[in-house]
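**Q** Could you build the full structure based on these sequences and the hints that come with them?
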Amino acid sequence: MKNSLFPRLSGWLVASVVLFALIALISPQQLPVVIYKLSLISLAAVLGYWLDRSLFPYARPNYFQSAEDEQRLFSAAMLRRAVIVAAVCLSVAMGL
1 MKNSLFPRLS GWLVASVVLF ALIALISPQQ LPVVIYKLSL ISLAAVLGYW LDRSLFPYAR
61 PNYFQSAEDE QRLFSAAMLR RAVIVAAVCL SVAMGL
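With the working numbering, letter number 15 in the sequence shown gets 15, and the count goes up by one each step, no holes.
No wet-lab data here; the hints were simulated from the structure. Here a beta-carbon is modelled for each residue, glycine too, at the ideal position from N, C-alpha and C. Heads up, a few of these hints could be off.
[To be verified] Label pairs and their in silico Cβ distance ranges:
#1 90 with 58: 48 to 58 Å
#2 25 with 58: 21 to 31 Å
#3 45 with 20: 11 to 21 Å
#4 12 with 94: 15 to 25 Å
**A** Here's what the structure looks like:
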């Protein structure tokens, strides 16, 4: 694995800042709306994560990561968490 000068996902951060600045230039009155929507989606992602942790307290993905024969359980737990978080994010986004 190569060492990078920049932190992981820094390209996405730069793209987000550029798009945010573009919104500020084109339509500054929309900045509060953008911030509001981004905060709701971030809150939905955290809510989805904690919903998964509370619904499945004994089936967390890290419990299945160590054993080699339980790779299928690890994959299923990761997919389950991704689906729950995505469903919560979509439901909040559709409610906007």
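**Q** Please list, smallest to largest, the hint numbers that this structure does not respect.
**A** 1 and 2
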